[in-house]
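Peer 1: This is what each chain is made of:
Number of protein chains: 2
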Amino acid sequence: MIAGRIRHTVTFTLAHPEGSAPERDFLEAAGQLGAIPGVEAFELLAQVSPKNPYRFGLSMEFADQAAYDGYNEHPDHVHFVQRRWLAEVSNFLELDYAAQ
Amino acid sequence: MIAGRIRHTVTFTLAHPEGSAPERDFLEAAGQLGAIPGVEAFELLAQVSPKNPYRFGLSMEFADQAAYDGYNEHPDHVHFVQRRWLAEVSNFLELDYAAQ
Numbered sequence: 000m001i002a003g004r005i006r007h008t009v010t011f012t013l014a015h016p017e018g019s020a021p022e023r024d025f026l027e028a029a030g031q032l033g034a035i036p037g038v039e040a041f042e043l044l045a046q047v048s049p050k051n052p053y054r055f056g057l058s059m060e061f062a063d064q065a066a067y068d069g070y071n072e073h074p075d076h077v078h079f080v081q082r083r084w085l086a087e088v089s090n091f092l093e094l095d096y097a098a099q
Numbered sequence: 000m001i002a003g004r005i006r007h008t009v010t011f012t013l014a015h016p017e018g019s020a021p022e023r024d025f026l027e028a029a030g031q032l033g034a035i036p037g038v039e040a041f042e043l044l045a046q047v048s049p050k051n052p053y054r055f056g057l058s059m060e061f062a063d064q065a066a067y068d069g070y071n072e073h074p075d076h077v078h079f080v081q082r083r084w085l086a087e088v089s090n091f092l093e094l095d096y097a098a099q
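Read top to bottom, the protein sequences are chains A and B. Take numbering that gives the first Met the number 0: the final residue in the first sequence is number 99, and no numbers are missing along the way. Take numbering that gives the first Met the number 0: the final residue in the second sequence is number 99, and no numbers are missing along the way.
What the hints contain is simulated information worked out from the structure, not anything from laboratory work.
Where chains are identical, the list cannot tell them apart; a pair therefore holds if satisfied intra-copy or between any two copies.
25 Å max Cα-Cα, derived SDA-like pairs, lysine to any residue: (1) Lys50 - Gly37; (2) Lys50 - Leu32; (3) Lys50 - Trp84; (4) Lys50 - Asn90; (5) Lys50 - Val88; (6) Lys50 - Ser19; (7) Lys50 - Glu72; (8) Lys50 - Glu39; (9) Lys50 - Ala2; (10) Lys50 - Ala66.
As the structure is a prediction and not an experimental result, all values here were calculated from the model.
Generate the whole structure from the sequences, applying the supplied hints.
Peer 2: Here's what the structure looks like:
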């Protein structure tokens, strides 16, 4: 990665049954986070290793910490966390990567 | 991601002191995993979120499960796990991602 750039990732499991309509609805809403200004290389992913309890992943990149801060503070992100994430995610882990 | 493709990631912490020569030596050895056939988009990264206990990350992609299996079974990978990883890594988590 280019120095200063940040890859923000979060892996998570939902409270909803696998393949259910509420699961699909949550993932569709999560996918809209990619439209927030400053978000680059946005991906909604399946977590497929059996060596951990998580089922999904989000990955996105920011040019710098200011872009990352702008995302965190953006009303669409704040609203998503408060209205959807806190209520529907049962387990998660955030990992952020930068150039070593 | 393209269907069938797998992004293998592992985040980890070393038993060595931060910034020490043994730490640098381990990271240099880990960086050589990127030369194993089938490994694409190899990255050795710093983990920078304060929301977890990990300090480093490895990320690599495989075209398919066969390429991933080939990496896991490659003598250079097996040797690295047995001689370095098991002795020097104090905490880790593997996460593998595919198209959702």
